[in-house]
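Q: We have chain W already, so just place chain R on it with the hints.
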Amino acid sequence: MLFQTTTGASVGPRQEIAPARRDDVRTLLHRATFGFTANEFERASSMGYRAWLDEQLDPASIDDSALDARLAGYPTLAMDAETLVATYPQSSGGDVFVAQQLISARIVRAVESRRQLFERVVEFWTDHFNIDGTDGPLRYFKTVDDREVIRRYALGSFRDLLSASTRSAAMLYYLDNYVNSAGAPNENYARELMELHTLGVDGGYTEDDVKEVARCFTGWTFRPAGVPGLGAFLFRPLTHDSGAKTVLGTSLPAGGGIQDGETVIDLLASHPSTAQFLARKLCVYFLTYEPPQVTVDRVAARFTATGGSIAATVREVLATRSYREARIDEYPRLRRPFHMAVGALRSTGATLGNPAPLRGELFLLGHTPFTWPAPNGYPDSLGAWGSNLLPRWSFMSKFFDGQVTGSGISTSALFALIGGVAPAEVAATLDQRLTGGRMSAVDVAEVQGFVDSQPSWNGSVARQAVALALSVPSTQFH
Amino acid sequence: MLSFQSSCAEYSRISRRRFLGSAAIAGAAPLVVPRVAFASGRGTPRPTLVGIFLRGAIDGLSFVVPYGDADLYAARPGLAVAPPGATDGALDLDGFFGLNPNAAELMPAYQSGALAFVQACGSTDPSRSHFSAMRTMETGTPDDPQSNEASGWLARHLQSVSPTGAGDLRAISVDDLVPRVLALAPNALPIPDPSSFEFPGNPTTAAQRRSTIEHAYAATIPPLAPAAASTLAGIDLLASVDFAGYVPANGATYPASPFGQALQSIATLIKAGVGLEVAHYDYGGWDHHNDQGPITGTLATMLADLSAGLNAFYLDLSGIQDRYLLYAKSEFGRRVAQNGNLGTDHGSGGVMLAMGHRVQGNQVHGNWPTLAPNQLDQGDLRVETDYRDVIAEILATGLGGTDLPYVFAGHTPAPVGVVL
Numbered sequence: 001m002l003f004q005t006t007t008g009a010s011v012g013p014r015q016e017i018a019p020a021r022r023d024d025v026r027t028l029l030h031r032a033t034f035g036f037t038a039n040e041f042e043r044a045s046s047m048g049y050r051a052w053l054d055e056q057l058d059p060a061s062i063d064d065s066a067l068d069a070r071l072a073g074y075p076t077l078a079m080d081a082e083t084l085v086a087t088y089p090q091s092s093g094g095d096v097f098v099a100q101q102l103i104s105a106r107i108v109r110a111v112e113s114r115r116q117l118f119e120r121v122v123e124f125w126t127d128h129f130n131i132d133g134t135d136g137p138l139r140y141f142k143t144v145d146d147r148e149v150i151r152r153y154a155l156g157s158f159r160d161l162l163s164a165s166t167r168s169a170a171m172l173y174y175l176d177n178y179v180n181s182a183g184a185p186n187e188n189y190a191r192e193l194m195e196l197h198t199l200g201v202d203g204g205y206t207e208d209d210v211k212e213v214a215r216c217f218t219g220w221t222f223r224p225a226g227v228p229g230l231g232a233f234l235f236r237p238l239t240h241d242s243g244a245k246t247v248l249g250t251s252l253p254a255g256g257g258i259q260d261g262e263t264v265i266d267l268l269a270s271h272p273s274t275a276q277f278l279a280r281k282l283c284v285y286f287l288t289y290e291p292p293q294v295t296v297d298r299v300a301a302r303f304t305a306t307g308g309s310i311a312a313t314v315r316e317v318l319a320t321r322s323y324r325e326a327r328i329d330e331y332p333r334l335r336r337p338f339h340m341a342v343g344a345l346r347s348t349g350a351t352l353g354n355p356a357p358l359r360g361e362l363f364l365l366g367h368t369p370f371t372w373p374a375p376n377g378y379p380d381s382l383g384a385w386g387s388n389l390l391p392r393w394s395f396m397s398k399f400f401d402g403q404v405t406g407s408g409i410s411t412s413a414l415f416a417l418i419g420g421v422a423p424a425e426v427a428a429t430l431d432q433r434l435t436g437g438r439m440s441a442v443d444v445a446e447v448q449g450f451v452d453s454q455p456s457w458n459g460s461v462a463r464q465a466v467a468l469a470l471s472v473p474s475t476q477f478h
Numbered sequence: 001m002l003s004f005q006s007s008c009a010e011y012s013r014i015s016r017r018r019f020l021g022s023a024a025i026a027g028a029a030p031l032v033v034p035r036v037a038f039a040s041g042r043g044t045p046r047p048t049l050v051g052i053f054l055r056g057a058i059d060g061l062s063f064v065v066p067y068g069d070a071d072l073y074a075a076r077p078g079l080a081v082a083p084p085g086a087t088d089g090a091l092d093l094d095g096f097f098g099l100n101p102n103a104a105e106l107m108p109a110y111q112s113g114a115l116a117f118v119q120a121c122g123s124t125d126p127s128r129s130h131f132s133a134m135r136t137m138e139t140g141t142p143d144d145p146q147s148n149e150a151s152g153w154l155a156r157h158l159q160s161v162s163p164t165g166a167g168d169l170r171a172i173s174v175d176d177l178v179p180r181v182l183a184l185a186p187n188a189l190p191i192p193d194p195s196s197f198e199f200p201g202n203p204t205t206a207a208q209r210r211s212t213i214e215h216a217y218a219a220t221i222p223p224l225a226p227a228a229a230s231t232l233a234g235i236d237l238l239a240s241v242d243f244a245g246y247v248p249a250n251g252a253t254y255p256a257s258p259f260g261q262a263l264q265s266i267a268t269l270i271k272a273g274v275g276l277e278v279a280h281y282d283y284g285g286w287d288h289h290n291d292q293g294p295i296t297g298t299l300a301t302m303l304a305d306l307s308a309g310l311n312a313f314y315l316d317l318s319g320i321q322d323r324y325l326l327y328a329k330s331e332f333g334r335r336v337a338q339n340g341n342l343g344t345d346h347g348s349g350g351v352m353l354a355m356g357h358r359v360q361g362n363q364v365h366g367n368w369p370t371l372a373p374n375q376l377d378q379g380d381l382r383v384e385t386d387y388r389d390v391i392a393e394i395l396a397t398g399l400g401g402t403d404l405p406y407v408f409a410g411h412t413p414a415p416v417g418v419v420l
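These protein sequence lines are chains W and R, in that order. At position 39 of the first sequence the residue is numbered 39 (the working numbering), and the sequence of numbers has no breaks. At position 362 of the second sequence the residue is numbered 362 (the working numbering), and the sequence of numbers has no breaks.
Chain W extracted, bound-state conformation (with noise of 0.2 Å):
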C-alpha cells in the first residue's frame, strides 16, 4: 500500500535561489558533511553559502542538545585516565569497553551531530595525529586524547592543537616519548612528529634533527599508574638531557629544560613548510586529491596569516574560488567505509539504534574509526580504497536489508524517502534526495532497471533500491 502509484511529489529546486549558488551549496553538504540530506540542503540553500560556512564553522552556536541528550548515555567519554581505569578496570574487560564507547560514540557523533563540519575536522586531525586504541594502555588514554586534543581544539589555533597532542598520554605512549630519557633518546617521536604531524618528509629537517628533537623531549612523559592523576603530562627534569641543542638551524641553549620542547613546538608550528604540508593535505581531504599549487598556496597563506586559525584555514579551503580552481565536479572524490556507511544513514533518514553492531560492519569495511595501526592515519586515497567494492554492496545490501540489528531505515522513514513516488521515478527521486541530483544518467538509469525489471512495486523492492542506490559509483564519491 505504501508505494501506490501517484504523480509523485516535486523535489525540484527552489525557485528563489539561483541554480548556481545552489550548486554551490549542493557541493558544499557533500564535501563538508558526513552525508547529504535533502533536509539540510533545503535548510543551508535558505541560509545561503557564507552563512551555513560561518556557522559550521562556529560549532558552539549550534544547538546539539539533541546528541548531548544521547552522549550522556556515554559516561566514559568524559573521564579521565585514573577515572576510567578505576570505574572500568581492566581485569574485567573494561578497556575493551572504554575503547569500545568511544568508536561508538564516534559512529554517533557523525550520523546525529548537527555540528557537522566540525566533526570532519575531527576525523581529520584523528588521522593526521593518529593513535592506535587499540594498543594496551590506549585503550584508555585515546579517549582522553579525543577530548582534550583533537576535539577541544579541532577548530582553534594549530599550535595549541600540537602543544596539546604534545603532552598527551595517548601520544607519550603511542610513539614512545613516555620513555624517551637523557643518555637514552628514542627517536620515535621525534621522526612523526616532524614527518607526519608538521613539516611533512620533503619539509627541509635532516636526520641529525631527528636525533636533535628526541633530546629536546627527553623528560616529557606521564604519570603512571601508582601515583595520583595517571597520564596526566609530566615533565621530569632529571630524565631531561640538559644540554646545548640545534634544531632545524635554531641553537638551544644548555640548561632549557621543558623550554626546549616549547622552542621546537613554536618552531614547527610557525614553520613555513607546516603551513604548506597541513595547507595541502586540507585541500586533499575537502577538495581534490592533485590540488592546485595556487589553491594550497592561498590556504597555506591564510594559515600563515592568521597565526595558524585552523577555523580560517577550513573556510579558505571551502571558499568557492577553491572548488572552482580545483575543478571538484570533475575530479571527484572517493568516500571512504566509515563516511560512506553513516552517509548512508543520514541520507535516508535510517534510525540509528545501538551502534555496537555498526561497528562490526565498519570491521567488515575496513575503515573502524581510532584503529588504524600506523602513525599516518588512514590512508585517503582513489587507490587505497578504490578496489575494495564488495564490503560495500554488501554493507548497503544488509543494511536495508533490516540485519543490522537495531538500526535500518524505518518504514516510514522509507515512505519519506520514495514512498507515492511512481515507479518510473524512483530512481530519479533517489537522485535527488540522497544526492541532491548529482548522480550520474548511467547509475540512475541503472537503478531504474532494477526496478523495472521486479514483477511489483513493494517495500522489499524499494529497499533493495536503495541499497543498489548508494552501491553504484555515483553515490561512492562526493
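Simulated from the structure, these hints should not be mistaken for laboratory data. In this text, a Cβ means the ideal position worked out from N, Cα and C, and glycines have one as well. Hints are supplied without guarantee of correctness; some may be wrong.
To be verified - Just so you have them, the derived chain R footprint on chain W, three or more residues with Cβ under 8 Å:
hint: 1; stretch: 141-147
hint: 2; stretch: 171-182
hint: 3; stretch: 371-384
What the hints assert, rightly or not - Pairwise CB distance ranges, derived in the manner of DEER restraints:
hint: 4; chain 1: W; residue 1: D266; chain 2: R; residue 2: N374; range: 35 to 45 Å
hint: 5; chain 1: W; residue 1: A441; chain 2: R; residue 2: G410; range: 28 to 38 Å
hint: 6; chain 1: R; residue 1: Q375; chain 2: W; residue 2: A244; range: 23 to 33 Å
hint: 7; chain 1: R; residue 1: Q375; chain 2: W; residue 2: D202; range: 52 to 62 Å
hint: 8; chain 1: W; residue 1: E290; chain 2: R; residue 2: G319; range: 45 to 55 Å
hint: 9; chain 1: W; residue 1: I258; chain 2: R; residue 2: L420; range: 55 to 65 Å
hint: 10; chain 1: R; residue 1: A409; chain 2: W; residue 2: E290; range: 19 to 29 Å
hint: 11; chain 1: W; residue 1: D202; chain 2: R; residue 2: P373; range: 46 to 56 Å
hint: 12; chain 1: W; residue 1: V201; chain 2: R; residue 2: E214; range: 49 to 59 Å
hint: 13; chain 1: R; residue 1: P373; chain 2: W; residue 2: A244; range: 45 to 55 Å
hint: 14; chain 1: W; residue 1: G360; chain 2: R; residue 2: P108; range: 35 to 45 Å
hint: 15; chain 1: W; residue 1: V201; chain 2: R; residue 2: G417; range: 44 to 54 Å
hint: 16; chain 1: R; residue 1: E214; chain 2: W; residue 2: Q403; range: 18 to 28 Å
A: Just chain R now, kept in the frame of chain W:
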C-alpha cells in the same frame, strides 16, 4: 606502567591490523595498460608468488643473528640474542648466523633446502621514514625517491606476463586495502577473507542487482571499473573453492592468527588451481622502539607466529613445492646499537627470506659487511644486497620470466644466487 594483556578475543574483532599494518597506495589511478598482447589461450602455469611485507621494519639482527660478529654483543649488551649453546641462544644456521630460538619452526624448511635468508639486504633509498621507504621499495624506485611512479613493481610484473589462468583474478591482497606494490596491477583485488566473498542480499533478485552493479561500474573510472569486474568474476571463481572443507596436508596446522589464517587461504587457492598468480599479505607490527623482547617479549611472540605460519605453509605444500615461491621483507632494518629502552630505532640493512620453487635454501646469502663501527652507515648495517636483485631472481628465474627493464627501470640486477 600498567600491565596489559596483548590478546583479547573480543577486542581482536576490531583490531585486525597491528601497528604499521598497511601502507596503502596513494594518488589517482590511471588506466591499467597490459604490456603483453594476450595470445589466445593461457600462459604456461607458473608458481604462485606469495609476498609478505613485514611492515614496521623487522629487526634482522635479532631474527637471523650474526652471533659470529663480536661487535653485535658490544652494540647490544642487553638485547642481542646469545650464541648457540648459551641459555636462550640462537640455533646455528651456518657457523656464523643463528636463528632466533623463537623462530625454531623455520628449521625444517631451512634444513631441507626450501628456505633461504639474505642478510644485509635492503633498499638504496637512504630514508629512515617508514612511509617513504615503503613507497620507494614498493614502486621499485629507491634510486629516485622523488619519482612520481604510481605503479608497483609487482603490478608491472603482472603487466609483463600473460595470465596463467582465465585472468579474471590474477592477484589478491589478503587485506582491506591494495598495497602499493600492486598499485595498477591488472585484475588485482583486496580480499580480507577469501573464504567469504559472496554477492550479498536476496538470492531471488541477485541476478538483476548484479546486472545493475555490473553495468553501472562499467561506466565509471579506474580503479573502480576494473575492480568491479574483477570482483564479480572473483565471486564466481572463489565460489568454486571449498575453503570450509580444506584439510592441510602432511599434518600441517596453521596458527589461528590472522597471518596463519591468511596463509591457509592462500594455500587453499594454490591447490585449487584457479590461476592465482600473486598473493600478498601485510604483516605489520615490527616497529619495536621500546622493550623489543627478542627472547620473551613482543618480538619473540611475533617471530613465533611468523615461523609457525611459514612452517605450516611449507609442510602443507611440501611435495608440490614447485607451485609457490614466497618471500618476506621489510622496508629497512633496525639500528645496530640498541636505544635507551631495550629497543632499536630505524636502520638500514635488514634480512629477507625466500622459500619454495628453485630457492637455494639452507644458506644465508649475501655479503656480510660486518658490524664493526667503521663499517656502519650512520650507525646502521650497510645494504650489501639490493632487494631488487633478489626480486629479479624470483621473477626471472623462479617464476620463469618477466620484463626486468620494465619492472625495475634503470636498474641492472646483480646475481645473488638465492633462486637458481
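Q: Each of the hints needs a verdict: does it hold here or not?
A: Against the structure, the hints come out as follows:
1. Chain R is given as covering the stretch 141-147 of chain W, and this is violated because 0 residues of the stretch bring a CB closer than 8 Å to a CB of that chain, at least three being needed.
2. With a cut-off of 8 Å between beta carbons, the stretch 171-182 of chain W has 4 residues touching chain R; three or more are needed, and the interface restraint holds.
3. Requiring three or more residues with a Cβ within less than 8 Å of a Cβ of chain R, the coverage given for the stretch 371-384 of chain W holds, as 10 such residues are present.
4. For D266 of chain W and N374 of chain R, the Cβ-Cβ distance of about 39 Å falls inside the hinted range of 35 to 45 Å, so the restraint holds.
5. For the pair A441 of chain W and G410 of chain R, the supplied restraint of 28 to 38 Å is violated, since their beta-carbon distance comes to about 45 Å.
6. The hinted window of 23 to 33 Å between Q375 of chain R and A244 of chain W holds, with their beta carbons roughly 31 Å apart.
7. Separated by about 30 Å at the C-beta atoms, Q375 of chain R and D202 of chain W break the suggested range of 52 to 62 Å.
8. For E290 of chain W and G319 of chain R, the hinted distance range of 45 to 55 Å is satisfied, since their beta carbons lie about 50 Å from each other.
9. For the hinted restraint 55 to 65 Å between I258 of chain W and L420 of chain R, the CB-CB distance of approximately 59 Å keeps it satisfied.
10. Between A409 of chain R and E290 of chain W the C-beta distance comes to about 23 Å, which sits within the given range of 19 to 29 Å.
11. For D202 of chain W and P373 of chain R, the Cβ-Cβ distance of about 31 Å falls outside the hinted range of 46 to 56 Å, so the restraint is violated.
12. At roughly 40 Å, the beta-carbon separation of V201 of chain W and E214 of chain R lies outside the given 49 to 59 Å, and the hint is violated.
13. Under the hint 45 to 55 Å, the C-beta atoms of P373 of chain R and A244 of chain W, about 25 Å apart, miss the expected range.
14. Distance hint check for G360 of chain W and P108 of chain R: the Cβ-Cβ separation is about 39 Å, which falls inside the suggested range of 35 to 45 Å.
15. Hint check: V201 of chain W to G417 of chain R, Cβ distance near 35 Å, so the stated range 44 to 54 Å is violated.
16. Between E214 of chain R and Q403 of chain W the Cβ separation comes to about 23 Å, which falls inside the hinted range of 18 to 28 Å.
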